[in-house]
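*Asks:* Starting from the known structure of chain A, fit chain B onto it as the hints suggest.
Residue numbers (the numbering used here), protein chains in the order written: chain A, 1 to 175; chain B, 1 to 88.
No wet-lab data here; the hints were simulated from the structure.
The C-beta atom is built at its ideal place from N, Cα and C for all residues, glycine as well.
Keep in mind that a hint or two might mislead.
To be verified - In silico BS3-like cross-links for lysine-lysine, where the CA-CA straight-line distance does not exceed 30 Å: (1) B:68 x A:167; (2) B:25 x A:167; (3) B:68 x B:25; (4) B:20 x A:8; (5) B:26 x A:8; (6) A:163 x B:25; (7) A:8 x B:68; (8) A:163 x B:20; (9) A:142 x B:20; (10) B:25 x A:134; (11) B:68 x A:143; (12) A:65 x A:143; (13) B:26 x A:163; (14) A:167 x B:26; (15) A:65 x B:20; (16) B:20 x A:167; (17) A:142 x A:11; (18) B:31 x A:88; (19) A:65 x B:25; (20) B:20 x A:96; (21) A:88 x A:142; (22) B:31 x A:65; (23) A:143 x B:26; (24) A:11 x B:31.
Unchecked claim - Partner residues are not named here, just some residues of chain A that face chain B (Cβ under 8 Å, in silico): (25) 67; (26) 71; (27) 75; (28) 86; (29) 138; (30) 139; (31) 141; (32) 165.
Each chain is listed here by its residues.
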Amino acid sequence: MVKSARAKRMKKHHKRHGKSMGLNLVSLMDIFTILVFFLLVNSSDVETLPNTKDLQLPESIAEEKARETVVILIGEEDIIVQGTPVAKIDDVMAIKGNDIPALRQALLSQNDRVLRRDANQDIASREVTIMGDKEIPYRLLKKVMATCTQSDYGQISLAVLQKSSDKLDNLQAAR
Amino acid sequence: MLGIYPNTDDGYDYEALSNKLSELKKRYPSKTDAAILLEQDIQYDTLVQVMDRVRITERVDEEEQSVKRFDLFPDISIGDAPVTGGGA
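One chain only, chain B, in its complex shape:
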């Protein structure tokens, strides 16, 4: 059920995260809360980008040539990631 998404050349793999979250939302449609745990030195920008992906997803509507937004888990909590040796 869970996954680890290694960084691509452009940094974090937000796309994979977004896909996984949409999948999870399909399985638990009534769930709206999520927790984001961060290590101490993660940049603020990363937090905002991840929050964006957790909050909403976008799907391209080919017929209407538009992008539609769907809520995923808009009730986000932020916390400290547990410290693990070696960053695994």
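With the rest of the complex left out, here is chain A:
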């Protein structure tokens, strides 16, 4: 088959440039890597606390975000530490004094598992979050908080629902 000079030239041209026509994976991977890091960094910002339907947290104008800590949930019937029920409310209310032995046991065993290693050394940096229904009496809260302190937790946070301030609401309503 006789080829024209033009056809020959075209063939040579395709040979030379044909391979580079495929998808350029290197830059694509770069972009995806950046995207992955971006998402990782951004999503680690939000710490979600466990949610229960029958628990009504008090509302507050506090702005601090939840951190990753041991969570004590004071439910209607049980005190729950990191998802496992440890003590019945009725029993706790019957205890004289401020120490709840079952809760203390649970908290001490959390020490090794959940807390970061450096927190193990330093009591003041150990944190615990208490989620309580807004109707629980102070005497119950006090017992739980006292037990936390006795179990070497230096920082106690109270979980609340964030609300916007009433004054701001009034202002916006008046506008």
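*Replies:* Same frame as chain A, now just chain B:
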């Protein structure tokens, strides 16, 4: 200097408490600590609401149409209220 704030129809008079605390802050600007003493059967919600009022105050800025927050006494201690007869 101190005051007793009787409950209004909607419960506790947090507004009056907030005003009084702002006044106290003006008189002692460098003071940041406060103690909240509660009776045994006070609800957790009340504690949180009072803590909010003791911690910060809000003032409406008419010109900017915004609400500004000021620290009052952010270092709060919690304790038992002394038991008194008749709840006075």
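*Asks:* Please go over all the hints and tell whether each is borne out by the structure.
*Replies:* Verification of the hints:
Distance hint between residue 68 of chain B and residue 167 of chain A is fulfilled; the C-alpha atoms sit about 10 Å from each other, no more than 30 Å. Among the hinted pairs, residue 25 of chain B with residue 167 of chain A is consistent with the structure: their alpha-carbon atoms are about 20 Å apart, no more than 30 Å. Restraint check for residue 68 of chain B and residue 25 of chain B: the C-alpha separation of about 16 Å stays at or below 30 Å, so the hint holds. For a cut-off of 30 Å, the pair hint linking residue 20 of chain B to residue 8 of chain A is broken: about 95 Å separates their Cα positions.
For the proposed pair residue 26 of chain B and residue 8 of chain A, the alpha carbon gap of about 93 Å is over 30 Å, so the pair is violated. Pair hint residue 163 of chain A plus residue 25 of chain B holds up; C-alpha atoms about 25 Å apart against a cutoff of 30 Å. Proposed proximity of residue 8 of chain A and residue 68 of chain B is contradicted: the alpha carbons are some 79 Å apart, above 30 Å. Of the pairs offered as hints, the one joining residue 163 of chain A and residue 20 of chain B holds, with about 23 Å between alpha carbons and a cut-off of 30 Å not exceeded.
This hinted pair checks out: residue 142 of chain A and residue 20 of chain B have alpha carbons roughly 27 Å apart, not beyond 30 Å. At most 30 Å may separate the alpha-carbon atoms for a hinted pair to count; residue 25 of chain B and residue 134 of chain A meet this at roughly 29 Å. At most 30 Å may separate the alpha-carbon atoms for a hinted pair to count; residue 68 of chain B and residue 143 of chain A exceed this at roughly 36 Å. Proposed proximity of residue 65 of chain A and residue 143 of chain A is supported: the alpha carbons are some 25 Å apart, at most 30 Å.
A C-alpha spacing of about 27 Å is found between residue 26 of chain B and residue 163 of chain A, which places the hinted pair at or below 30 Å, so the restraint holds. Among the hinted pairs, residue 167 of chain A with residue 26 of chain B is consistent with the structure: their alpha-carbon atoms are about 21 Å apart, no more than 30 Å. Distance restraint check for residue 65 of chain A and residue 20 of chain B: the Cα-Cα separation of roughly 29 Å lies within the 30 Å cut-off, and the hinted pair is therefore satisfied. Taken as a hint, the residue 20 of chain B and residue 167 of chain A pair is honoured in the structure, with Cα atoms around 17 Å apart against an allowance of 30 Å.
This hinted pair does not check out: residue 142 of chain A and residue 11 of chain A have alpha carbons roughly 86 Å apart, beyond 30 Å. Between the alpha carbons of residue 31 of chain B and residue 88 of chain A the distance comes to roughly 41 Å, so the proposed pair goes past 30 Å and is violated. Between residue 65 of chain A and residue 25 of chain B, the direct Cα distance comes to roughly 27 Å. Compliance with the 30 Å bound is thereby established for this hinted pair. A distance of roughly 36 Å separates the Cα atoms of residue 20 of chain B and residue 96 of chain A; the hinted pair therefore is violated under the 30 Å criterion.
Of the pairs offered as hints, the one joining residue 88 of chain A and residue 142 of chain A holds, with about 16 Å between alpha carbons and a cut-off of 30 Å not exceeded. For the suggested pair residue 31 of chain B and residue 65 of chain A, the alpha carbons sit about 26 Å apart, so the restraint of at most 30 Å is met. For the proposed pair residue 143 of chain A and residue 26 of chain B, the alpha carbon gap of about 35 Å is over 30 Å, so the pair is violated. Distance check on the hinted pair: residue 11 of chain A and residue 31 of chain B sit about 87 Å apart at the alpha-carbon level, beyond 30 Å; violated.
The beta carbon of residue 67 of chain A is not positioned within 8 Å of any beta carbon in chain B (closest approach about 18 Å), and the interface hint is therefore violated. Residue-level restraint check for residue 71 of chain A is violated (minimum Cβ-Cβ distance to chain B is 16 Å; threshold 8 Å). Interface hint status for residue 75 of chain A: violated, as the beta-carbon distance to the closest one in chain B is roughly 13 Å, over 8 Å. Proximity of residue 86 of chain A to chain B is violated relative to the hint, the smallest CB-CB distance being about 19 Å (cut-off 8 Å).
Residue-level restraint check for residue 138 of chain A holds (minimum Cβ-Cβ distance to chain B is 4 Å; threshold 8 Å). Here the hint on residue 139 of chain A is kept, as its CB sits about 4 Å from the closest CB of chain B, short of 8 Å. Checking residue 141 of chain A against chain B by beta carbon gives a least distance of about 6 Å; that is within 8 Å, so the hint holds. Taken as an interface hint, residue 165 of chain A checks out: its beta carbon lies about 5 Å from the nearest beta carbon of chain B, inside 8 Å.
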